[in-house]
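Student: Chains as they are written, first to last, in the numbering used here: chain A, 1 to 434; chain B, 1 to 300; chain C, 1 to 297.
Source of the hints: derived by calculation from the structure; they are not laboratory data.
Small disclaimer: the values here were computed from a predicted structure and weren't measured.
Treat the hints with care, since some could be wrong.
Taking lysine-lysine and the DSBU-like style, the derived pairs with C-alpha atoms no more than 30 Å apart in a straight line are [unchecked claim]:
(1) 163(A) <-> 259(A)
(2) 206(C) <-> 202(B)
(3) 17(C) <-> 12(B)
(4) 112(B) <-> 206(C)
Only some residues are given here: those of chain C computed to face chain A with a beta carbon under 7 Å [what the hints assert, rightly or not]:
(5) 117
(6) 247
(7) 266
Calculated from the model, a selection of chain C residues having no Cβ within reach of chain B, i.e. all distances over 10 Å [stated by the list, open to error]:
(8) 14
(9) 19
(10) 59
(11) 63
(12) 71
(13) 76
(14) 81
(15) 92
(16) 119
(17) 146
(18) 152
(19) 163
(20) 189
(21) 200
(22) 215
(23) 273
C-beta atoms are modelled at their ideal positions from N, C-alpha and C, and glycine is treated no differently.
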Amino acid sequence: MKSKKLKALAVLAVVGPLALAGCSQQAKSPEGGGGEGGKTQMTMWTHSAGNEGEMKVIAQMIEDFNGSQENYEVVCQDFPQAAYNDSVQGAAASGDLPCILDVDGPIMPNWAWNGWLVPSGLTDADVENFLPSTVGRYDGQIYSVGYWDATTLIFTRSSILEKVGARVPTVEQPWTAEEFADIQKKLKDTGDYEYVIDWGPGWADEWWPYAYAPLMQSFGGDLIDRNTFESADGVLNGAESVKFAEWFQAQFADGYAPKSNAQDRTEFKEGKVALQYNGVWALSENSEVYDDLLMIPAPDFGAGSKAGVGSWQYSLTNSCSDAQKTGALEYLKFTMDDKYIAQFSDVTSLIPATTTAWEQTEKGFFGPDKPAQIAATITEANGLVRPPTPAYPVISRIFDKALRDIVNGSDPKGTLDQAVSEVDTDVKSAGYNK
Amino acid sequence: MSATTEEKTSKKVWLSYIPLVLLALTFILPLLFMLFSSLKPKDQILSDLTTFRAFLPVGDLSLDNYVGVFNRVPVARFFLNSIIVTTTIVVLGLVVNSMAGFAIARLNFRGKKILLGAIIATLIVPFETFAIPMVYLISKLPRIGFYPDGVALDWGWNNSFEVLIIPFIANAFSIFLFTQYYSSIPKELDEAARVDGAGWFKIYWKVVSPLAMPAFATSAILTFLPQWNSYLWPLLVIQQEELRPVQVGLRYFFASGTAEGTPWGQIMAYTSLITIPVIIVFLMFQRAFISSIASSGVKG
Amino acid sequence: MSSSVASAHKSASKSVKQERRAGYLFVLPAAILMIAFIAVPVFMSFGLGFTNARLGSARPAEFVAFDQFVRALTADPTFWAALRNIMIFVFLVVPIQGGLGLVLALLVNQKLRGITAFRVMFFMPVVTSMVVVSMLWKFMYQKDGLINALFGFNVDWLNEPATALPAVVVMSIWQGVGFHMIIWLSGLQTINHDLYEASSLDGANKWEQFKNVTLPGLKPTFVFVLITITIAAFSLFVQIDVMTQGGPSNATTTLVYHIIQMGSARGDVGYASALSLIFFIIVLAFALIQRALTKED
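Given the sequences, and given the hints that come with them, work out the whole structure.
Tutor: So, in structure tokens, the structure goes:
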């Protein structure tokens with residue numbers, strides 16, 4: 001009985017993996033080893049496991065690269081995103097990083113400072129066409145490059161704005177703070193919606209810093225002093241940041257926005273909210289529901305409209321031997337081709353990293369007069385990367401917690417003061433900038 | 001007369017079932033939710049969530065989610081890994097931990113009390129707090145590697161079954177459990193066996209342990225469970241997909257940035273699948289609780 | 001005379017030696033494994049509490065003596081919130097879950113038809129993946145969720161500082177009680193059935209049997225459950241990680257969650273290690289007090 005079960009399992013174990021679109025079918029040997037026929041092998045890690053679209057493009061890129069030349073072979077290992085950073089930490093602790101590593105843009109300076117990443121060898125000429133937020137720089141060098149970017153903006157419908165007589169804001173002329181407050185009040189007064197705007201508080205991980213710090217920056221505040229990256233005092237708890245915190249707290253306290261979300265943020269699609277603050281990736285699902293869908297930039301609260309940018313990028317690690325470094329650089333350059341960038345955009349509906357890739361996309365989101373083009377414009381005009389400092393991961397957690405407490409009613413100034421104290425303690429104890 | 005006594009007894013029996021049924025309903029809810037949701041399309045799961053329908057098999061039922069699961073994740077591979085690792089840990093653990101518990105409960109040797117205290121003290125420290133030093137430690141351990149072109153001495157236990165198994169064989173919880181049970185079995189049995197010339201191992205294996213079956217069963221179930229659900233450690237030390245256990249597979253379904261959102265139906269299908277082995281183990285071992293061998297030992 | 005005494009002594013001491021050697025040999029495998037894989041990493045971890053080590057940093061860690069400990073006790077309001085929360089949690093969960101576990105064990109120990117099915121069902125919350133269970137309860141606790149619909153409340157359970165921790169308590173007890181039911185159950189099964197027979201022959205009723213046979217027979221199990229449930233309660237982490245992330249406003253953060261936040265999320269390994277050491281001392285003190293109070297004379 002038992003042996004029958006085992007046999008059945010064994011058969012499944014063989015058949016199962018073959019049905020996958022993942023990248024793990026390739027033969028493996030320990031890092032630094034030779035591949036078949038004397039090819040130098042490099043292992044690459046990606047966070048895209050479970051995301052079929054991304055994995056297909058990655059598998060294609062690798063296959064094309066391996067087939068295009070005789071010297072190098074890339075072998076990839078995919079991880080689920082929720083588990084990715086932990087796995088990298090574990091590998092770093094045991095000295096087992098792969099040669100090519102997927103890294104989330106804002107974290108890159110931290111990993112570079114840890115010594116895990118090495119400069120990629122890319123030059124300014126190589127990344128000429130790339131959106132600045134897709135190129136990761138640290139210490140004056142290019143460490144990483146990405147195939148796409150994502151930005152935040154507001155979704156609504158033209159019929160909704162028409163009903164309250166609001167003008168459609170543009171990137172050049174976004175709503176001002178007063179306009180926005182006025183529109184919010186009018187929308188609330190119609191009584192058509194449960195809430196005026198869904199800011200997306202139900203999402204966790206990096207969403208709060210990614211999405212809400214730009215709002216704070218639009219008020220004129222920021223997370224840390226970007227000149228020295230030594231202290232957050234006067235910046236995170238400065239007058240502008242406090243004003244932002246008070247405004248954000250009021251959004252929830254005054255009933256304009258819900259404090260929690262339904263699963264998968266369906267409120268906007270179900271017509272329960274008038275405005276949805278989301279990332280450009282939501283274009284696909286929102287456009288399926290509404291044909292008068294509008295995408296508009298966030299309001300300008302005084303210092304200009306700002307948008308969250310910076311997404312996943314690829315870099316090289318300290319595990320690469322010299323031969324592997326050369327090969328990895330070739331791989332990066334080979335794949336920085338508009339063809340692949342366009343494919344990624346099609347499967348993710350994110351912004352292609354190069355403007356030249358627009359015409360190669362098939363979904364028709366990007367390009368002049370195409371619906372998502374405004375996202376690309378927003379990224380270029382309003383995109384402010386999260387502070388490129390090794391302190392960022394800590395700043396992100398501290399800001400996340402502080403803002404959540406503020407939304408739950410704690411005193412804005414006091415909470416931000418406490419956050420500043422924690423950030424400064426961390427920066428001092430770590431000595432990032434020494 | 002006898003009719004009313006029978007009536008009374010059967011009425012009492014029915015009454016005994018009432019609290020059982022009520023409690024059972026509250027406890028079984030998650031399994032029902034999981035199981036039935038795995039058969040529903042995602043939109044229906046979400047809309048059923050706020051009512052009782054979440055716990056009922058109604059609506060648009062199908063096996064689509066299960067098909068999706070097998071396409072997305074190498075389920076069979078993960079299953080095999082988890083079964084191998086968990087079973088080995090449990091089996092070896094039963095031997096190692098029961099021996100230790102036996103010694104502490106019934107043998108006299110110096111340092112016994114301190115040893116037990118130290119073992120209990122290790123229960124206090126949650127695994128997550130020393131996981132990273134442990135990763136560093138196992139990367140420095142020597143290991144015999146089997147490669148296609150021969151055997152070699154290698155460093156680092158990552159990406160192996162050993163690293164998932166060996167650190168978890170000795171288990172303070174189990175040792176403590178065995179200690180408590182072994183100490184409740186009369187010591188006369190040992191003395192009698194010693195008089196008959198039996199060695200300590202025989203006493204442990206043949207005389208006393210058969211009387212502690214409930215302890216073995218409990219230990220088996222209660223070590224199988226956390227090991228089956230082990231998540232953080234494999235993440236830190238296993239990078240190759242072929243060696244991943246089932247819990248890591250669960251995370252594949254939470255990839256963000258996909259247009260379809262979180263595939264709740266598939267998640268429910270997957271978790272239903274990985275819950276089954278635990279239920280099987282539980283059923284297998286809980287029968288050992290019914291043994292009434294305890295009395296036969298003293299009479300004999 | 002003296003030679004027989006002498007030889008009696010000799011065989012007595014030989015058997016004592018045998019016993020001692022058997023003792024060491026029996027615990028040897030477990031001892032080696034635990035020293036290598038628990039003691040060593042734990043001491044490494046505690047040692048880091050005296051440094052300013054950062055996760056993965058290329059910079060070597062420096063010795064900072066008690067700085068991190070002082071920081072925990074004086075400059076960290078989250079630490080005190082976590083301590084307060086976990087004490088409340090422990091004082092609620094230990095008696096309730098421990099007691100309820102015993103009640104359930106007694107219920108499923110009855111000789112009724114199909115009692116096995118009930119045993120399985122009571123155990124279900126323990127068996128189901130903690131991630132799924134936490135998410136299910138998160139849905140149920142929503143303002144428009146099942147709990148409110150069922151009992152007629154209108155509370156956003158997990159988002160109000162006053163109700164968040166009690167909500168977690170209820171959910172945790174529900175999830176964990178099956179685990180301790182199993183332990184109580186095997187304790188009940190090892191009580192000698194002859195004692196029950198003798199007791200009922202003496203004319204004792206069910207309640208007296210319970211008091212005079214069951215309870216004393218359960219003493220070792222009681223000690224075991226008490227200590228393990230206390231330690232497990234102090235380690236509260238997974239539910240917090242999935243359901244509330246320590247919020248709202250530190251209403252549900254726990255010592256272990258705080259440690260993981262500092263060590264893993266923030267990479268401040270030195271500080272997290274200091275917190276771990278403090279945590280260890282607190283729980284150890286608690287366990288020792290419990291042990292002293294329940295010591296057998």
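Student: A separate judgement is required for each hint: does it hold in the structure or not?
Tutor: We went through each hint and held it up to the structure:
Note on residue 163(A) and residue 259(A): the hinted pairing holds, with a Cα-Cα distance of about 26 Å set against a maximum of 30 Å. Restraint check: the Cα-Cα separation between residue 206(C) and residue 202(B) comes to about 39 Å, which exceeds 30 Å; the hinted pair is violated. Taken as a hint, the residue 17(C) and residue 12(B) pair is broken in the structure, with Cα atoms around 58 Å apart against an allowance of 30 Å. For the proposed pair residue 112(B) and residue 206(C), the alpha carbon gap of about 39 Å is over 30 Å, so the pair is violated.
At its closest, the beta carbon of residue 117(C) sits 23 Å from a beta carbon of chain A; the interface hint therefore is violated under the 7 Å criterion. Evaluation of the residue 247(C) hint against chain A yields a held restraint, the C-beta minimum of about 6 Å falling below 7 Å. For the restraint placing residue 266(C) at the interface with chain A, the shortest Cβ-Cβ distance is roughly 5 Å, inside the 7 Å limit, so the hint holds. Distance check on residue 14(C): its Cβ is at least 12 Å (rounded) from any Cβ of chain B, clearing the 10 Å threshold; non-interface status holds.
The beta carbon of residue 19(C) sits about 5 Å from the closest Cβ of chain B, which is not more than 10 Å, so the claim that it is off the interface is violated. No Cβ of chain B comes within 10 Å of the Cβ of residue 59(C); the nearest lies about 16 Å off, and the non-interface call holds. With a minimum CB-CB distance of about 17 Å to chain B, residue 63(C) clears the 10 Å threshold, and the non-interface call stands. Chain B leaves residue 71(C) outside its interface by the beta-carbon criterion, the shortest separation being 17 Å against a cut-off of 10 Å.
Here residue 76(C) stays apart from chain B, with its beta-carbon at least about 17 Å from theirs, past the 10 Å limit. The Cβ of residue 81(C) sits about 19 Å from the closest Cβ of chain B, beyond the 10 Å cut-off, so the non-interface label holds. For residue 92(C), the non-interface assignment is confirmed: its Cβ lies about 19 Å from the closest Cβ of chain B, beyond the 10 Å cut-off. For residue 119(C), the shortest C-beta to C-beta distance to chain B comes to about 6 Å, within the 10 Å cut-off, and the non-interface label is violated.
Separation of residue 146(C) from chain B is inadequate, the least Cβ-Cβ distance of about 7 Å not exceeding the 10 Å criterion. Every CB of chain B is more than 10 Å from the CB of residue 152(C) (nearest about 14 Å), matching its label as outside the interface. No Cβ of chain B approaches the Cβ of residue 163(C) within 10 Å, the least distance being about 19 Å, so the stated non-interface status holds. Look at residue 189(C): its CB is around 5 Å from the nearest CB on chain B, not clear of 10 Å, so calling it non-interface is violated.
Every Cβ of chain B is farther than 10 Å from the Cβ of residue 200(C); the closest lies at roughly 15 Å, confirming the non-interface assignment. The non-interface label for residue 215(C) is consistent with chain B: the shortest C-beta to C-beta separation is roughly 14 Å, beyond 10 Å. A Cβ of chain B approaches the Cβ of residue 273(C) within 10 Å, the least distance being about 8 Å, so the stated non-interface status is violated.
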